[in-house]
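With the hints as your guide, set chain B onto chain A.
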Amino acid sequence: MSDHKQIVVAGIHPLIPVQRSVSIPSALEFVGRMTNRFFEWFGEIGIFSWNVLKAGLTPPYEWRELVRQLDEVGSMSLPLVAAAGAAISVVISMEARYSLSRFGAKSMFPTTLVYSVIQVMGPIMTGLIVSGRVGAGIGAELASMKVTEQIDAVEASAINPYRLLAATRILACILMLPLLTLAADASGLLMGWLAQAMVEPLSFHQFIASGFKGSKLSDFLPPTFKTAVYGLIIGLIACFQGMRTRGGAEGVGRAATNSVVLASLFVILADVVLVKFILVVFP
Amino acid sequence: MATAYDIAMKHTEPEKDSGAPVVAVEDVRKSFADHMVLDGINLRVTRGETLAVLGRSGTGKSVLLRLIIGLEKPDSGSIRIHDQDIAGLPMDRLGEIRKKMGFLFQHAALYDSLTVAENVAFPLEHHRRDMSRSERADRVKQLLAEVGMEGDVDKMPSDISGGMQKRVGLARALALEPEILLLDEPTAGLDPISSGEIDDLILKLQRERRMASIVVTHDLHSAKTIANRLALLDQGKVVIEGSFEDLQQSNIAFVKEFLKQS
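From first to last, the protein sequence lines are chains A and B. Okay, so the first sequence: first residue is 1 according to this note's numbering, each after it adds one. Okay, so the second sequence: first residue is 1001 according to this note's numbering, each after it adds one.
Next comes chain A alone, as it looks inside the complex:
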């Protein structure tokens, strides 16, 4: 049975009627299918998360693999995150200097840069960069293992693949995101100061003292550690997309792309929720 409605268009000439069939998908069927897939995806990732949690919390623990993944996620992402933090901060520096000068608030520059980098740009930028680099890497790696039966081989060797492959990667992402965020922040502040110092001489000490004047730990720690939630999102989505792959090389490509897109989307949504949460809990 056809999924589409058939619309028959009659010709305008009365003696030579022409019938042309045009298939148009039913909007309701389309919405129904997408809604089904939406809930199926959430259901499947829920089951996957439960299996990973059960496996991750029961011994034997895969410490060696965890250390390997910490290196993979952390040290491999560090140069990219630091470079991005530096670049973004230079841009903020140039824009902020111009805007603050217009309103006669140049003295607020250090504070503006510090709060912009640490509270806003550092966390979200780190989350999105790691979504791309690590999310795609994990998604593609596990997808490739899935289509070549390597994950089946792990399971046939009496090793729990949720514990060895998923739990280690997710935990590595959770632990490394806050550290990478600190690196991005440090790099951003350094470059922001350099960009400012090239225009108006200002010592780094003065810059830091001025930037952090009147601030509390609760201004900076929650935004940094919220990135652990980003790590959970990135690791979970990338592992899930990779380990459910079907369809050979095309499936691997799809898994890598979906890992990046979905992880980035959920990181942004989580940022909205977490910012509100932080503002409520740490007013």
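Treat the hints as calculated values from the structure; they're not laboratory data. Among the hints, a few may not be true.
As the list claims (entries may be wrong) - Cβ-Cβ distance ranges computed for the label pairs, FRET-style:
hint, chain 1, residue 1, chain 2, residue 2, range
1, A, 42, B, 1161, 43 to 49 Å
2, B, 1161, A, 75, 31 to 37 Å
3, B, 1134, A, 75, 29 to 35 Å
4, A, 35, B, 1134, 55 to 61 Å
5, B, 1248, A, 71, 56 to 62 Å
6, A, 60, B, 1260, 48 to 54 Å
7, B, 1107, A, 277, 47 to 53 Å
8, A, 80, B, 1196, 49 to 55 Å
9, A, 75, B, 1107, 28 to 34 Å
10, B, 1248, A, 257, 53 to 59 Å
11, A, 34, B, 1132, 55 to 61 Å
12, A, 257, B, 1159, 26 to 32 Å
From the three backbone atoms N, C-alpha and C, an ideal C-beta is built for every residue, glycine too.
Only chain B this time, still in chain A's reference frame:
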């Protein structure tokens, strides 16, 4: 003059024990999206015996092996390993049974980020933590020597041929001294000489270790060489089970056609 099959039969006669099967597949059914793949399969394998499961492509032979190792669950029926039904077991308990089984995948399924030696060491590192590093290294060397790959320990899977990958896969499958060996199309994709070498290797290992083995293959010549019994599948059912002579003497049309085309 004795054929290779005769030699195989002489050297792999099942040990006369109580007859208790090590692997028992009882009335197993399995379907995928309304397509019935296995429709009431009954098979038994005892210690020291090699059963070859033959059939056309797509008849569910590999699915049968995946059911036995627990990578798939049957829709109905039971699969007993040492008289324990594995169908409903949780993963960690199933793991204890899997430690007694070795599985050679059709394309070897070697871990492509590990060297040949690391692939073989992988099960030992996870399940034999009582062994020291040097003991594990010695064991890996011994296993690779058994399959003729001792000179390639530091190579990556992408650097070796398909036949060599299968040898490494076999060494990995034997790492934990399994009682049951499952081989999925061990000679698929190999040239006749390499196929013969793999058959000889399997025969040698069977003579030495006396495992219960199930070999899935569409290669009748290979099945004749290494197996005590052959089971022919068609449309999800076992059409005939017995020795090669039993198949040759059968009047079943499908059996005659299969033998004729092989």
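Evaluate the given range 53 to 59 Å for the C-beta pair formed by residue 1248/B and residue 257/A.
holds (54 Å)
Regarding residue 1161/B and residue 75/A, is the given constraint of 31 to 37 Å on their beta-carbon distance met?
holds (35 Å)
Would you say the C-beta atoms of residue 42/A and residue 1161/B sit inside 43 to 49 Å of each other?
holds (45 Å)
Does the Cβ-Cβ separation between residue 1107/B and residue 277/A fall within 47 to 53 Å?
holds (48 Å)
Distance restraint hint 55 to 61 Å, applied to the beta-carbon atoms of residue 35/A and residue 1134/B
holds (59 Å)
Supplied distance hint 29 to 35 Å, evaluated on CB atoms of residue 1134/B and residue 75/A
Holds, since residue 1134/B and residue 75/A (Cβ atoms, about 30 Å apart) stay within the stated range.
Supplied distance hint 48 to 54 Å, evaluated on CB atoms of residue 60/A and residue 1260/B
For residue 1260/B against residue 60/A, whose Cβ atoms are near 53 Å apart, the range 48 to 54 Å holds.
Given the hint of 26 to 32 Å, check if residue 257/A and residue 1159/B actually sit that far apart at their C-beta atoms.
holds (30 Å)
Does the beta carbon distance between residue 80/A and residue 1196/B stay inside 49 to 55 Å, or does it fall outside?
Cβ of residue 80/A to Cβ of residue 1196/B: about 52 Å, so the range 49 to 55 Å holds.
Can you let me know if the beta-carbon spacing of residue 75/A and residue 1107/B is within 28 to 34 Å?
Check passed, 33 Å falls within 28 to 34 Å.
Distance restraint evaluation - residue 1248/B, residue 71/A, Cβ atoms, bounds 56 to 62 Å:
holds (60 Å)
Given a hint of 55 to 61 Å, does the C-beta separation of residue 34/A and residue 1132/B actually sit inside it?
holds (56 Å)
Checked against the numbered hints given earlier, the structure satisfies every one of them.
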